[in-house]
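Enquirer: Following the hints, put chain B in place on chain A, whose structure we already have.
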Amino acid sequence: MNSIEQQLLKEPKNRLSTIITTIIVIALLLWSVSAFNLSNLTGNGLTIAKNIFAGLFNPNLDLLFNFTDRGVPYLLLETMAIAFLGTVVGAILAIPLAFLSASNIMPKPVVFVVRLFLILVRTIPAIVYGLMFIRVTGPGPFAGVLTMSLTSIGMLSKLYVDVIEDLNTGVLESMESIGCTTFEKIRFGILPQLSAMFISIIIYRFDMNLRDAAVLGLVGAGGIGAPLIFAMNAYKWSEVGSILIGLVALILLVEFISNKVRTRIVRG
Amino acid sequence: MKLNPLAKSKITLENGKEVAMKRSMTPLIILIGIVLIYFSVRITGFSVLVIYERINKLFIILQEMAKPNFDYAPKLWVPLFNTIKMSLLGSILGAIVAIPIAFCASSNIIKSRVVVVLSKFILSILRTFPTLIVALIATFIFGLGTMAGTVAIFLFTIAYVGKLLYEQIENADMKAYEAMHSMGLTTIQSFRYAILPQVLPNYLSTTLFCFEGNVRYASILGYVGAGGIGLLLNENLGWRNYSNVGMILLMLVVAVFIIETVSEHFRKKLM
Numbered sequence: 001m002n003s004i005e006q007q008l009l010k011e012p013k014n015r016l017s018t019i020i021t022t023i024i025v026i027a028l029l030l031w032s033v034s035a036f037n038l039s040n041l042t043g044n045g046l047t048i049a050k051n052i053f054a055g056l057f058n059p060n061l062d063l064l065f066n067f068t069d070r071g072v073p074y075l076l077l078e079t080m081a082i083a084f085l086g087t088v089v090g091a092i093l094a095i096p097l098a099f100l101s102a103s104n105i106m107p108k109p110v111v112f113v114v115r116l117f118l119i120l121v122r123t124i125p126a127i128v129y130g131l132m133f134i135r136v137t138g139p140g141p142f143a144g145v146l147t148m149s150l151t152s153i154g155m156l157s158k159l160y161v162d163v164i165e166d167l168n169t170g171v172l173e174s175m176e177s178i179g180c181t182t183f184e185k186i187r188f189g190i191l192p193q194l195s196a197m198f199i200s201i202i203i204y205r206f207d208m209n210l211r212d213a214a215v216l217g218l219v220g221a222g223g224i225g226a227p228l229i230f231a232m233n234a235y236k237w238s239e240v241g242s243i244l245i246g247l248v249a250l251i252l253l254v255e256f257i258s259n260k261v262r263t264r265i266v267r268g
Numbered sequence: 001m002k003l004n005p006l007a008k009s010k011i012t013l014e015n016g017k018e019v020a021m022k023r024s025m026t027p028l029i030i031l032i033g034i035v036l037i038y039f040s041v042r043i044t045g046f047s048v049l050v051i052y053e054r055i056n057k058l059f060i061i062l063q064e065m066a067k068p069n070f071d072y073a074p075k076l077w078v079p080l081f082n083t084i085k086m087s088l089l090g091s092i093l094g095a096i097v098a099i100p101i102a103f104c105a106s107s108n109i110i111k112s113r114v115v116v117v118l119s120k121f122i123l124s125i126l127r128t129f130p131t132l133i134v135a136l137i138a139t140f141i142f143g144l145g146t147m148a149g150t151v152a153i154f155l156f157t158i159a160y161v162g163k164l165l166y167e168q169i170e171n172a173d174m175k176a177y178e179a180m181h182s183m184g185l186t187t188i189q190s191f192r193y194a195i196l197p198q199v200l201p202n203y204l205s206t207t208l209f210c211f212e213g214n215v216r217y218a219s220i221l222g223y224v225g226a227g228g229i230g231l232l233l234n235e236n237l238g239w240r241n242y243s244n245v246g247m248i249l250l251m252l253v254v255a256v257f258i259i260e261t262v263s264e265h266f267r268k269k270l271m
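In order, the protein sequence lines correspond to chains A and B. Mapping to this note's numbering: the first sequence position 232 is 232, numbers consecutive. Mapping to this note's numbering: the second sequence position 53 is 53, numbers consecutive.
Keep in mind that a hint or two might mislead.
Derived contacts from chain A toward chain B, CB cut-off under 7 Å, selection only [said to hold, decoys possible]:
id: 1; residue: Phe84
id: 2; residue: Arg135
id: 3; residue: Pro192
In the DSSO-like style, the derived pairs of lysine-lysine whose C-alpha atoms are separated by at most 27 Å in a straight line are [what the hints assert, rightly or not]:
id: 4; chain 1: A; residue 1: Lys10; chain 2: B; residue 2: Lys268
id: 5; chain 1: A; residue 1: Lys260; chain 2: B; residue 2: Lys163
id: 6; chain 1: B; residue 1: Lys175; chain 2: A; residue 2: Lys10
id: 7; chain 1: A; residue 1: Lys158; chain 2: B; residue 2: Lys269
id: 8; chain 1: B; residue 1: Lys163; chain 2: B; residue 2: Lys175
id: 9; chain 1: B; residue 1: Lys10; chain 2: A; residue 2: Lys108
id: 10; chain 1: A; residue 1: Lys260; chain 2: B; residue 2: Lys10
id: 11; chain 1: A; residue 1: Lys185; chain 2: B; residue 2: Lys22
id: 12; chain 1: B; residue 1: Lys120; chain 2: A; residue 2: Lys50
id: 13; chain 1: B; residue 1: Lys163; chain 2: B; residue 2: Lys111
id: 14; chain 1: A; residue 1: Lys158; chain 2: A; residue 2: Lys260
id: 15; chain 1: A; residue 1: Lys185; chain 2: B; residue 2: Lys120
What the hints contain is simulated information worked out from the structure, not anything from laboratory work. All of these numbers come straight from a predicted model, not from anything done at the bench. Ideal Cβ placement from N, Cα and C applies to all residues, glycine included.
Here chain A stands alone, though its shape is the one from the complex (with noise of 0.2 Å):
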């Protein structure tokens, strides 16, 4: 027996475990299966596919290049103010709710119960914020703004607080002692060790606001879903098309730019 074999029976015998994964999880996939069904196939169902491609491949151009308020371009314009200001909004309320919940300044129970509330933020659907807004503030795009705010805020403190716990002390202790007082250990001690990392957070919320944003319309709070889900209903589909390309590339666009400007804040 060479050693190469010697080493091959070393391998570790999990033959038991791999069944019982097997198992598993071709038992959850039978179960799940019978959601697959093509009762529900409308008759016609292929022939709308059809048109949606034909759709979306002859797209309306007058609506794509149309720069009144109707037009694509405004629509656009309009879901890119609701996603810029909801994360403005919402990382400006996210700070003070990371600082509670950083397990480094805080003590433990005020975190614990800040958490909870925003892992609470974080599971309910951005819909339902923007069904719930409607009601305060009428259907339009203010209630997107609200909605981005609030669903902003879970995931974009759960961010800053990893930053938050990074703080390098040592400096602040420096400071200390060379007699800086606490508004310059501030400035000088701790901003310029957070601003490029949340600024980066902030960049990259604001890139899935946006598709967020998109979505909001079909519930009525503004931006390009609402017009996008009136066409659809009217089969109007090469509406729908120059909508889905004017929303792709708009989309495709401000994931480039905000990666390079995330690498160029984050490399300095």
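Expert: Using the frame of chain A, we list chain B on its own:
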């Protein structure tokens, strides 16, 4: 210490050389930010006054939601399990289909640039379409029900797992792969024995993570008629029956929490 950020400060070194400090970009960025905020406020009709006057409506809704209607729970099991089934089936199938696409999108395995660029392009287009809009389109083709939701989740999973998988493959250690290739194994064979074992733990972990997220997404897909618990959520919000909404959200939060805990346990084991 100079606090005026616009002044260009200079430091004289010991050898008499003057070094200018880099001018800070901060004031410019703040100015741009303020301009953007101003225009966004104009476009969206943001007003603090409305919030101040009408925010109590939100608290009335929240108060009603905080008293979940437990009698409603028995009606929720089937839609809740439908939601989980949709995300489970969509995630598993999507994760399987993602493998060949990610294989084609890895520039270190496939030598043809056209195939690589095309596969990457397909993945990024799929990723850009919001899931809810895909579900909406799917309801037109597959009819109302869980099938449309499954398709939407399936497509999203392909895009998400596919992107992370091809990044993994491109960063994998190529030495074993090249050795096997030189011994005469085909590309598929060497991929199976050299690259797959390297990326497998990460791939499974990504799939589990994607499944967690998909349960959250699936819960709202019912809003456009794509099956699951979202349909009831939409109905009860429409009827302003907020204690039922509270019950749905409670069940959803508990289900998501259980799934996340289980999946996190397995993901930690995989790492």
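Enquirer: Does each hint hold? Answer for all of them.
Expert: A quick look at each hint next to the structure:
1. About 5 Å separates the beta-carbon of A:Phe84 from the nearest beta-carbon of chain B, less than 7 Å, and the hint is met.
2. Interface restraint check for A:Arg135: the shortest CB-CB distance to chain B comes to about 6 Å, inside 7 Å, so the restraint holds.
3. Evaluation of the A:Pro192 hint against chain B yields a violated restraint, the C-beta minimum of about 11 Å exceeding 7 Å.
4. Annotation: proposed proximity of A:Lys10 to B:Lys268 holds, straight-line Cα distance about 24 Å (limit 27 Å).
5. Restraint check: the Cα-Cα separation between A:Lys260 and B:Lys163 comes to about 18 Å, which is no more than 27 Å; the hinted pair holds.
6. Between B:Lys175 and A:Lys10 the alpha-carbon distance is near 23 Å, which keeps this suggested pair within the 27 Å criterion.
7. Taking the CA atoms of A:Lys158 and B:Lys269, the gap is near 24 Å; set against the 27 Å cutoff, the hint holds.
8. Note on B:Lys163 and B:Lys175: the hinted pairing holds, with a Cα-Cα distance of about 23 Å set against a maximum of 27 Å.
9. Only pairs whose Cα atoms come within 27 Å are accepted, and B:Lys10 paired with A:Lys108 is rejected, the gap being roughly 47 Å.
10. Among the hinted pairs, A:Lys260 with B:Lys10 is inconsistent with the structure: their alpha-carbon atoms are about 31 Å apart, more than 27 Å.
11. Pair hint A:Lys185 plus B:Lys22 holds up; C-alpha atoms about 22 Å apart against a cutoff of 27 Å.
12. Using a Cα cut-off of 27 Å, the hinted pair B:Lys120 and A:Lys50 holds, with the two alpha carbons roughly 24 Å apart.
13. Distance restraint check for B:Lys163 and B:Lys111: the Cα-Cα separation of roughly 18 Å lies within the 27 Å cut-off, and the hinted pair is therefore satisfied.
14. A distance of roughly 23 Å separates the Cα atoms of A:Lys158 and A:Lys260; the hinted pair therefore holds under the 27 Å criterion.
15. Distance restraint check for A:Lys185 and B:Lys120: the Cα-Cα separation of roughly 47 Å exceeds the 27 Å cut-off, and the hinted pair is therefore not satisfied.
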